[in-house]
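Protein chains in written order, with my numbering: chain Y, 18 to 343; chain C, 4 to 504.
It should be emphasised that the hints constitute simulated quantities derived from the structure, not laboratory data.
Backbone N, C-alpha and C define an ideal beta-carbon position, used for all residues, glycine too.
Among the hints, erroneous ones may be present.
As the list claims (entries may be wrong) - The calculated DSBU-like cross-link candidates involving lysine-lysine, where the alpha carbons are at most 30 Å apart (straight line), are:
#1 K455(C) x K112(C)
#2 K41(Y) x K100(Y)
#3 K266(Y) x K296(C)
#4 K101(C) x K266(Y)
#5 K296(C) x K375(C)
#6 K375(C) x K100(Y)
#7 K97(Y) x K148(Y)
#8 K266(Y) x K106(C)
#9 K296(C) x K106(C)
Unchecked claim - Covered stretches of chain Y, going by a simulated chain C footprint (3 or more residues, C-beta under 8 Å):
#10 32-42
#11 113-123
#12 126-135
#13 139-146
#14 165-179
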Amino acid sequence: MAEFINLALLAMLALTALRVIFLKDLFAVVMLFGIYSFLSALIFVNLDAVDVAFTEASVGAGISTVLMLGTLALTGRTEKENKHSSVLPLLVVTVTGAALIYATLDMPPFGHPDNPIHQHVAPRYIEESPKEVGLPNMVTSVLASYRGFDTLGETVVVFSAAIGVISLLGFRRREENDTPKSGLKEHHVLRVVAKIIIPLIILFALYVQFHGDFGPGGGFQAGVIAAAAFILYALVFGLPLAFAVISPKFLQVMASFGVLLYAGVGLYSMSQGGQFLDYNKLAADPVAGQHYGILIIELGVGITVFAVMLSIFYAFDSQVERSNVQ
Amino acid sequence: MLEQHLAALPIILPLIAAPLTLLLGRSILSWGFATFVSGCASVVAWQLLLAALSNGALSYAVGGWPPPWGIELRIDAANAFVLLAVTTISTLVLIYSKDSIQKEIEAHKHSLYFTAHLLCLAGLSGILVTGDAFNLFVFLEISSLATYTLVSLASDRRCLTSAFRYLVMGTIGATFILIGVGLLYMKTGTLNMLDLANRIAPYESSRTINTGLAFVMVGVSIKLALFPLHMWLPPAYTHAPSAVTAFLASTATKVAVYVMIRFIFTIFGVEHVFHEMNIDLILMALAIVAIFKCSYMATVQSNVKTVLAYSSVAQIGYMILGISLVSVTGLMAGLIHIFNHALMKGALFMAVGAVFYRVGSVDIKAFRGLGKQMPLTMAAFTIAGLSIIGVPLTVGFVSKWYLVTAALEQNQWILAALVLGGSLLAVVYIGRIIEAAYFQDLSDTLDPNDIKEVPLLMLAPMWTLVIANIYFGIDTSITTEAATSASEWLFQNHNLQEVSP
Numbered sequence: 018m019a020e021f022i023n024l025a026l027l028a029m030l031a032l033t034a035l036r037v038i039f040l041k042d043l044f045a046v047v048m049l050f051g052i053y054s055f056l057s058a059l060i061f062v063n064l065d066a067v068d069v070a071f072t073e074a075s076v077g078a079g080i081s082t083v084l085m086l087g088t089l090a091l092t093g094r095t096e097k098e099n100k101h102s103s104v105l106p107l108l109v110v111t112v113t114g115a116a117l118i119y120a121t122l123d124m125p126p127f128g129h130p131d132n133p134i135h136q137h138v139a140p141r142y143i144e145e146s147p148k149e150v151g152l153p154n155m156v157t158s159v160l161a162s163y164r165g166f167d168t169l170g171e172t173v174v175v176f177s178a179a180i181g182v183i184s185l186l187g188f189r190r191r192e193e194n195d196t197p198k199s200g201l202k203e204h205h206v207l208r209v210v211a212k213i214i215i216p217l218i219i220l221f222a223l224y225v226q227f228h229g230d231f232g233p234g235g236g237f238q239a240g241v242i243a244a245a246a247f248i249l250y251a252l253v254f255g256l257p258l259a260f261a262v263i264s265p266k267f268l269q270v271m272a273s274f275g276v277l278l279y280a281g282v283g284l285y286s287m288s289q290g291g292q293f294l295d296y297n298k299l300a301a302d303p304v305a306g307q308h309y310g311i312l313i314i315e316l317g318v319g320i321t322v323f324a325v326m327l328s329i330f331y332a333f334d335s336q337v338e339r340s341n342v343q
Numbered sequence: 004m005l006e007q008h009l010a011a012l013p014i015i016l017p018l019i020a021a022p023l024t025l026l027l028g029r030s031i032l033s034w035g036f037a038t039f040v041s042g043c044a045s046v047v048a049w050q051l052l053l054a055a056l057s058n059g060a061l062s063y064a065v066g067g068w069p070p071p072w073g074i075e076l077r078i079d080a081a082n083a084f085v086l087l088a089v090t091t092i093s094t095l096v097l098i099y100s101k102d103s104i105q106k107e108i109e110a111h112k113h114s115l116y117f118t119a120h121l122l123c124l125a126g127l128s129g130i131l132v133t134g135d136a137f138n139l140f141v142f143l144e145i146s147s148l149a150t151y152t153l154v155s156l157a158s159d160r161r162c163l164t165s166a167f168r169y170l171v172m173g174t175i176g177a178t179f180i181l182i183g184v185g186l187l188y189m190k191t192g193t194l195n196m197l198d199l200a201n202r203i204a205p206y207e208s209s210r211t212i213n214t215g216l217a218f219v220m221v222g223v224s225i226k227l228a229l230f231p232l233h234m235w236l237p238p239a240y241t242h243a244p245s246a247v248t249a250f251l252a253s254t255a256t257k258v259a260v261y262v263m264i265r266f267i268f269t270i271f272g273v274e275h276v277f278h279e280m281n282i283d284l285i286l287m288a289l290a291i292v293a294i295f296k297c298s299y300m301a302t303v304q305s306n307v308k309t310v311l312a313y314s315s316v317a318q319i320g321y322m323i324l325g326i327s328l329v330s331v332t333g334l335m336a337g338l339i340h341i342f343n344h345a346l347m348k349g350a351l352f353m354a355v356g357a358v359f360y361r362v363g364s365v366d367i368k369a370f371r372g373l374g375k376q377m378p379l380t381m382a383a384f385t386i387a388g389l390s391i392i393g394v395p396l397t398v399g400f401v402s403k404w405y406l407v408t409a410a411l412e413q414n415q416w417i418l419a420a421l422v423l424g425g426s427l428l429a430v431v432y433i434g435r436i437i438e439a440a441y442f443q444d445l446s447d448t449l450d451p452n453d454i455k456e457v458p459l460l461m462l463a464p465m466w467t468l469v470i471a472n473i474y475f476g477i478d479t480s481i482t483t484e485a486a487t488s489a490s491e492w493l494f495q496n497h498n499l500q501e502v503s504p
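One chain only, chain C, in its complex shape (with noise of 0.2 Å):
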């Protein structure tokens, strides 16, 4: 029976377990039902990738009405792909965090951070699986809502701006995404994907469904943090608790990025997108500033979770900039960078909680002479930041490989050339942060005896992600499958009827 059910069940079990989770209000029991679900939710994605690599592609109408007139579920290889690294991602930070919420989250509102967390992942699920437009809003919203919550949740008072700031930011981009779909309803009386692409293609520039575009794409820009758009984006998670970081820096912002190649490649089309209204030249000079500028805002921070939180934007830039190159490789690039980067950010976040476990403090003062005290979780930090400078045999090599491929492919030399110049900034900031924790002794107003390794559960999926960056920049055959499979297949122009329920 779960198997004609795969495609609905990484909303579902979410969703259905969150206000459980809440009746159940005990933490311990709690933390073990969340990870339990988001586990069960991360095989049905692995089953989900499997069936849209061999199958093309899988539609669900749920309520049983065909679309468009009920709403359809559509996985492909494009969102299976980035479903596996959100639902991971989730499952590993639920773990890590029975520990480290310990000393952020007060402990009444545990059973309340488990909730949020399971929301938002049935919300970044519901975004990822849909097929209908106006559904995807629906999913925002609660993935958003559930956001601001996480945020709000540290005991450092500090989070309750941040938290609100990016209230506000994220209901302007949302609001900005539900007027573009408006517009584009008024122009289609239609919102299924498929179907609203194909009642856009005969229109000829008009002046409606451009500036629905228009909407759409600034509104998924603030949610994704594109540079200028990105202000939102560090004070979150810097003061945000660092599980809650770990999860939403390796998988809320990714989610956005493939809001917008659903959106471009799905809905508008390649053709009118990048040929007609040039927007791949607009992302592409956003994106190389994001780079610049923001790796070297991180490079003049103090705080580590800020240095981090900027080099996301950056990372972010690397991703918009595989899309610009219009390109089955530089899409490629894109969506292969979404998963890496996720499995790099979540370790290096949680190797930060876990030195805020111990020290308290996560400046990179914090840091100094933690190579002795905490070597599994300093080692760590070591290999996931390698892997976002780029070294080879990791997976930041793989995608940095990949983009400077695509560019080449293009002739454009000074973009290659430009990518890999960015790495010599995370060279900079990664390094200052090594150098602080291997070649600096511990403060002396720390008791070197108090300074040891955080707890197994912490550790355990640390080193998951670091060993998965490891493996996965050695053998590339799986993610280079799934994401050049992807990235063809939103190439390719589909039809609604093409498959059968």
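One chain only, chain Y, in its complex shape (with noise of 0.2 Å):
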């Protein structure tokens, strides 16, 4: 049953993406983007892998369909005819292809056993993880404590390309009143509904947040989660308003932040005598020591993963009023 979810999700899949190729009009490309992060997730899921499955929902299908809704505000709909000749790409394409299905032709059997993958590291992280970190989610066990030194590093790539978006679009200047029309001032349902549900998914967030630990979840979900909240506050009320309740400079500093809470902790437990990251050193037990390390370090990831995303969002926000005013 498992085999024949699959086949039909990757067919689906593999339409998706066809359709993606030859539509001209970027607006349903946005939108068949977004239900292939979904149908990718649904195989995830379907993989039980739902920590990442989650990821792909809220990054993939969530904040990127709103980031590419807002490059498409400022360059417009229509694809521009491509002068190029394709016949060099058409031929790169299909030799990554051909390697590709040749590569499988040695690969272990799908999801048995006896792999690789599940007899050399694995074990481990499955039978000692329970009481060398304690978490009854292992994937949290692997991504923030044996492997916490990539979750670092995958935090500094988001911070990266914050400073990158920064430093190519910037803010605009805050100037009252300049632009009168900002946000769907009109549509009272909208207001209304987004007052009410607004509050709700900064709540969700938070849940997912803190309850990583146990079920799916953790900074990077909960960062994009609570970021829709904000975007979703300033597309109804407006980018000026927005600004008040989170200011782009203050953004900077909480992304700033999040990056230094993480790395924090692994100068603390240094100066305890442990090696960088090293949880263990954080507590006298050091399972409570593992359990603090993760909890702080998660909430690292989301807090710079919120403020990245927002300072995107509002990066290309500002760009489109700033069109839209001239």
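With the hints as a guide, bring the two chains together.
Below is the structure:
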């Protein structure tokens, strides 16, 4: 049954991808990208990788769709005619695809328990992590503790992305009343619904943030969900009001703070005589130390991801409003 | 306490300093702080090189988890040697950039520039220091994103399309590396480099692993701008701010060459890559074409930054040629050229940035008559240029010498002749610029009183590199010892457990 579902989902994935290639209407393409992400999320669920599915759904289908729509508002919604010859790109893509198919010929059987990935490092994660790290969600144990250095790196990748976007687009200088029309003030239904739903989204984000040790979730997803709440606020009530709630400058401070919080845990463990990011040294009881460490670094991830996502949206949206004014 | 964490410091220092620099905001403060941190990182790198030369290797288990369960940082002579070059160049470029960016980057973006520079340094150091294949990809992402940002910071709007092109190519390269690492993980269940090596060895010509090798090699070749995958490099180096070009030209592609060496020699093994898959023949052919095609391209450009960018692609050809000889001397020549080329190109791009600072253009016409007006800058350009050509008493000669020696060891007379032939083309493209500077008169549109030497903070790092070009050209003991022991180290097989943490 699982195989059948996988096949159906993969077929839909391929169809969506083909449609994306041939469509000229970019608005529809963005929507199809959202569908693509949801389909991938479903495949991940089917593979029992719920943490990955959660991230894919919130980042791939959620925030990236918003950001791509923001880009369309700046660039227009139809694809430009491409004058380049497509022979060479087609050749490259065909060769790459053929290589990937060739690689599958010696691939270990799909999902077999004797595969190398299940036999080498994974058994220790499964058998020892409840004792060593003490979390029911082993994915969080691997992500935040065994390979916590990678996660620090990923947080810095997100931070670097913010530096890139801010340096390219910058923020609109705040001048009162220079954009009379920002947000959707005349839509009363939207305003009321937004007011009701925004606190709930934030509450859900906090749940995902602090429940990541026990179930699917964690800083990445929580940060994105919390950012979605503020993006909704900015869309409905306008950018000036959103700036009054959280200013772009403050977001820069938050983005930096998240990275520093994460790295700070590492420095503290060094000062306690451990290696960088050795959470065992954070408390007298190593398992409690692991718990504190993971809680704090997940918070750091959440803060940085939230601040970066909202910064990127601010940067896009202030460009849109600037071009509307002109 | 710092002693035991030495291996982690080159990453941690710039990584923590980057957000702090953003918070500092004001240009002068962020400049001072970034330079100080980068300087500390180069002191650490020097300590690491000494430790690696005397002990062989250092292992650091991040998070206290032993490899292969946790992430291992692993220092040996090879990465410590490249790390020293990267951190030192970074520090010198930061000193240089204080005045240089005034003319090329808008004032409110200066703290973003220093932040992005530190992020790039953290990423490059991470790639060098880590002993984990996936961790390497993470740091590759950090350095790449920071690099695209740095290129796009110039006031010249053309930098945006160059940065975009670089971003598209760079992302394809990074994705290929990720696919390759994924395929390896599928067959081995591990990501630690030495563990990967041990678990790849028993497979005899597995299609999955061979495809993994192919993806990694193509991905890294894009990153290091190996001909014909170099098309992103000349526009990016031409339109980026001068300080950025000086930094990237002497570090980013070199680190990618290191990644290629690491994957070939440590992970896949010489036997597999060169003797079974014959990748050395492909690399050698591409390297020779790169040397001649791109040296020729350099002779016909009018923008001096583009000339030097094409020259960089050609010089990368020499490094790859060294690797493709599959001998200790050949690899050593490649490694020593990574270090030496960083010294030459750093100095050259700094001199070009100085010309832009005064004249406002880097076209070859703008160089006319500068030999009289900016004697120190042009002298620096000339000496570094002679080093690119490979004149004795400069580091360029040392690189060429070992490369020719390695070719002659295998009785490859034609190859040795080709290396020397490449130098002749370098004489042409460097000579054109020197001729304009010393034997032509200042163009009439410029007022001779405006064109004077650049500030001391630009001259000092430039001349530090020039003096290093001469010093390491005469006293070769340090660089050859480091490169030789790195090369010998890479040719041996190592086990995961042999170094105690």
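Right, here's what the structure says about each hint:
Distance hint between K455(C) and K112(C) is fulfilled; the C-alpha atoms sit about 27 Å from each other, no more than 30 Å. Note on K41(Y) and K100(Y): the hinted pairing holds, with a Cα-Cα distance of about 14 Å set against a maximum of 30 Å. Restraint check for K266(Y) and K296(C): the C-alpha separation of about 49 Å exceeds 30 Å, so the hint is violated. Distance restraint check for K101(C) and K266(Y): the Cα-Cα separation of roughly 24 Å lies within the 30 Å cut-off, and the hinted pair is therefore satisfied.
This hinted pair does not check out: K296(C) and K375(C) have alpha carbons roughly 33 Å apart, beyond 30 Å. At most 30 Å may separate the alpha-carbon atoms for a hinted pair to count; K375(C) and K100(Y) exceed this at roughly 49 Å. Under the criterion of a C-alpha separation no larger than 30 Å, the hint pairing K97(Y) with K148(Y) is inconsistent with the structure, at around 57 Å. Distance restraint check for K266(Y) and K106(C): the Cα-Cα separation of roughly 26 Å lies within the 30 Å cut-off, and the hinted pair is therefore satisfied.
Restraint check for K296(C) and K106(C): not satisfied, since their Cα atoms lie roughly 33 Å apart, outside the 30 Å limit. With 0 residues bearing a CB less than 8 Å from a CB of chain C, the stretch 32-42 of chain Y misses the requirement of three and the coverage assertion fails. Here the stretch 113-123 of chain Y counts 7 residues with a CB under 8 Å from a CB of chain C, which clears the bar of 3, and the coverage holds. Evaluation of the coverage hint for the stretch 126-135 of chain Y: fulfilled, as 4 residues show C-beta separations to chain C shorter than 8 Å, against a requirement of three.
Under the rule that three or more residues need a Cβ within less than 8 Å of chain C, the assignment of the stretch 139-146 of chain Y holds, with 3 such residues. Counting residues of the stretch 165-179 of chain Y whose beta carbon lies closer than 8 Å to any beta carbon of chain C gives 11, which meets the minimum of three for the stated coverage.
Violation of the numbered hints given earlier is confined to hints 3, 5, 6, 7, 9, 10; the remaining hints are satisfied by the structure.
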